[in-house]
Amino acid sequence: MKVSRADENYVYYYVGKNIKKYRKEKGWTQAELAEKALYSKQFISNMENDTHQTFSLGTVWRLSKVLEVDIYKFFLENDE
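In this note's numbering, the protein residues as written are 288 to 367.
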């Protein structure tokens with residue numbers, strides 16, 4: 288299977304979208320998530336809005352622990 292750069296961009300899009308979804312399910316603001324995960328609010332905002340496409344798997348792992356969500360769920364293609 289051939290994978291393009293556009294496919295990679297979709298990964299960042301869905302990770303950001305799912306972080307936002309699970310953050311909102313907790314009833315947290317971006318600032319609250321940022322504080323708990325030891326990131327800046329701007330970093331969280333950029334991830335959620337697909338404007339920061341250089342975050343690492345370690346970042347996703349940390350957010351999965353803070354949000355108490357299995358890491359694979361961040362990679363699901365959700366259009367809710």
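What the hints contain is simulated information worked out from the structure, not anything from laboratory work.
Mixed in with the good hints there might be a few duds.
To be verified - Distance windows between CB atoms, simulated: (1) Asp357 <-> Tyr297: 16 to 22 Å; (2) Leu344 <-> Lys313: 30 to 36 Å; (3) Asp294 <-> Ile358: 15 to 21 Å; (4) Glu319 <-> Lys360: 30 to 36 Å; (5) Glu322 <-> Glu364: 26 to 32 Å; (6) Asn365 <-> Thr338: 15 to 21 Å; (7) Ala318 <-> Lys352: 27 to 33 Å; (8) Glu322 <-> Asp294: 30 to 36 Å; (9) Phe330 <-> Asp357: 19 to 25 Å; (10) Lys311 <-> Glu364: 16 to 22 Å; (11) Asn336 <-> Glu312: 17 to 23 Å.
Note that the structure is predicted; figures quoted are calculated from it, not measured.
Glycine included, each C-beta is placed from N, C-alpha and C at the ideal position.
- Message: Please list, smallest to largest, the hint numbers that this structure does not respect.
- Response: 2, 4 and 7
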